[in-house]
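Engineer: Next come the chains, spelled out residue by residue.
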Amino acid sequence: MLKLIQNEWVKIWKQKSTLLMMVLVILMVFAAGGLMKYFDSKEPPAKSDWKQELQAENKNLKQNLEQMDMAAPSAIEYQKKQIAINEYRIKHDLAPDQERTVWTFLRDSTDFISFAGLFVIIVAAGIVAHEFSWGTIKILLIKPYKRWKVLLSKYLSVNLFFLLMLAVVFVTAGITGFVLFGSGEAANNVHLAYVDGKVVEQNLFFYLVKTYALNSLSVYMLVTMAFMISAVFRNSGLAIGLSVFLLLMGGTITNLLAAKFDWAKYSLFANTNLMQYFDGIPLVEGMTMTFSITMLLIYFAIFHLLAFGIFTKRDISV
Amino acid sequence: MDSVVELKQVTKKIRGKTIIDDLSFTVQEGEVFGFLGPNGAGKTTTIRMMVGLINITSGEITICGNSITKDFEKAIKQVGAIVENPELYKFLTGYQNLQQAARIIKGVTKERIDEAVALVGLSDRIHDKVKTYSLGMRQRLGIAQSLLHNPKVLILDEPTNGLDPAGIREIRDYLRKLAQEKKLAVIVSSHLLAEMEMMCDRIAIIQKGKLINVQSVRNEVETDKKTYLCDVNNRKQAIALLAKHHIQATEHTEGIQLLLETTQVPDVLKILLQNDLLVFEMKVIKKSLEDRFLEITQEEAIMHA
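Quick note, the sequences are listed as chains A and B, same order. Counting in UniProt numbering, the final residue of the first sequence is number 318, and the numbers go up one at a time with none missing. Counting in UniProt numbering, the final residue of the second sequence is number 305, and the numbers go up one at a time with none missing.
Because the hints were derived from the structure by calculation, they are not lab data. Treat the hints with care, since some could be wrong.
Facing chain B, a subset of chain A residues (Cβ under 8 Å, in silico) [as the list claims (entries may be wrong)]:
#, residue
1, 5
2, 144
3, 316
Derived Cβ-Cβ restraints for the label pairs, each shown as a range [what the hints assert, rightly or not]:
#, chain 1, residue 1, chain 2, residue 2, range
4, A, 146, B, 128, 27 to 37 Å
5, A, 163, B, 119, 39 to 49 Å
6, B, 128, A, 238, 28 to 38 Å
7, B, 134, A, 3, 27 to 37 Å
8, A, 163, B, 115, 34 to 44 Å
9, B, 109, A, 163, 55 to 65 Å
10, A, 175, B, 128, 34 to 44 Å
11, B, 65, A, 9, 30 to 40 Å
12, A, 261, B, 210, 35 to 45 Å
Bear in mind that the values here come from a model prediction, so they are computed numbers and not experimental data. Virtual Cβ for every residue (Gly too), placed ideally from N, Cα, C.
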């Protein structure tokens, strides 16, 4: 099995496009850091009395809140959360992020996960389909390994590639952030979360790892889906197209649906954002962490049942 | 001689249509077994079933006693195969392609890779990317790849497709050598009759998914008797005369036809000449496989008409 994975790994890296993807991701993080530094230097953030500002902001928020009793419950919750966090900052003398540090940059770098995920989807979409279009599936499947082992080795290789991509984004963002923005004041490096109507302090590094993991989840589900399409339809174009479309639009579509229909909560994207249970408000009322995890596991199982079920049974006639 | 590959009443249906119909034959070690039939007869389908690429609707295929469906891993260990074209990773070098195969099969050493490369004569180009290879070189690399693990059976689908005459000859000699020296069972398919006749020991002819006939190519070697055609002036008299000497002869459009051992030929001539018959010609009729093939397939066609 390990040897099969090693083979897949060699094939992934011997394709020139893979190295290009890696370089693009690194450049993207560098460039984003550079641009932020450039704009900051042109327009340095004003050092004002943040306590006064937060008080003013809260006053506004509270006024809003009184006027919007007809609004969606999630919007009201969001305002309450802002107010609570602001009050906590004032009380404990914790200034909001006024300047960029390696920590804020790392937090923002979760946006690159989707970008890196795009490349992982491309690899996942090709890893089975290409063997069919190259015809090499025939030499692969007449080796003394059962088909499910071959497919599993491919899926695990995709997972490895995904982990590597995440590590590359994290490390590159860490280095870029540290070089460009420094580590900031130690006292301010906590994360404030709003849980059950209360504000709690969280360790920033732990928070970042968790953020990375949770942000990767939706991409991971799409990677799995792309892999499934690749194995079932033997078509990398379809797998890339559909997965990337959902990567870009899935969240938006689900939000639109969720505003109107209750059943939207059963869709994949309503559940991929587990951050909503830590830091915000569930998309549809009544959704819980357990519900989402169950839904994700069901989707995961369906993808793999399809991929393995069809791949191991089918006649290979390329 | 042990039978290495065995097909028992193999049938393949795709969407209700019978592609392969009740196919049974065995292949022995040390022989080159040909699989002959017109395009679309089901050669490739049968080969795909033999290597487990497609399912068998009914019947069984065993390789060294292991069923390809029930005991896939054990059975396929004894098989090296190229199905249709030699498919290789074009972005890898020849050597890396072989490494891919070597890595996942136990017991394939670096020395074995070098040996296989030398065997197919690719030593000086093995570290070039496969996309720079000619078709013949790919074919040879494909063979090296399928021989790496010292299989008992080598299955090649249309191995001479797209090769130049020199390449065809090279492959042919090489396959014969493998069968003779390494006791491999070699199975090749083709729609080219002459080609098969030169390469194979036995040939199975299939048409429309059915096995029509299994023929030994070197009939004469096995029986010692040959068919002769004798052009003689009085055929009836000649036949009667020979019958007296217990030699059977039949009339033929160009003379009389006899089945004789070589040592009988002077006797026959003596009898005819002593009785003042005029013999214009005496020759061996060697029926080529092509005649047999056409004969057999035509018979079938007539039977079905």
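Engineer: Work down the list of hints and note, for each, if the structure agrees.
Structural biologist: Structure-based check of each hint:
Against a cut-off of 8 Å between C-beta atoms, the interface hint on residue 5 of chain A is violated, since the closest Cβ of chain B lies about 10 Å away. A cut of 8 Å between beta carbons decides the hint on residue 144 of chain A: the least distance to chain B is about 5 Å, and the hint holds. Hint status for residue 316 of chain A: holds, given a least beta-carbon distance of 4 Å to chain B, under 8 Å. For residue 146 of chain A and residue 128 of chain B, the Cβ-Cβ distance of about 34 Å falls inside the hinted range of 27 to 37 Å, so the restraint holds.
Checked against the hint of 39 to 49 Å, the pair residue 163 of chain A and residue 119 of chain B passes, with Cβ atoms roughly 41 Å apart. Remark: the range hint 28 to 38 Å for residue 128 of chain B to residue 238 of chain A is upheld by a beta-carbon distance near 34 Å. At roughly 31 Å, the beta carbons of residue 134 of chain B and residue 3 of chain A sit within the given window of 27 to 37 Å. Evaluation of the 34 to 44 Å hint for residue 163 of chain A and residue 115 of chain B yields a pass: the beta carbon distance comes to about 39 Å.
Range check, residue 109 of chain B to residue 163 of chain A: about 33 Å between beta-carbon atoms, so the 55 to 65 Å window is missed. Against the hinted window of 34 to 44 Å, the Cβ-Cβ separation of residue 175 of chain A and residue 128 of chain B comes to about 39 Å, which satisfies the hint. A C-beta distance of roughly 36 Å is found between residue 65 of chain B and residue 9 of chain A, which places it inside the suggested range of 30 to 40 Å. About 59 Å separates the C-beta atoms of residue 261 of chain A and residue 210 of chain B, a value inconsistent with the hinted range of 35 to 45 Å.
Of the hints listed earlier, those the structure fails to meet are numbers 1, 9 and 12, in rising order.
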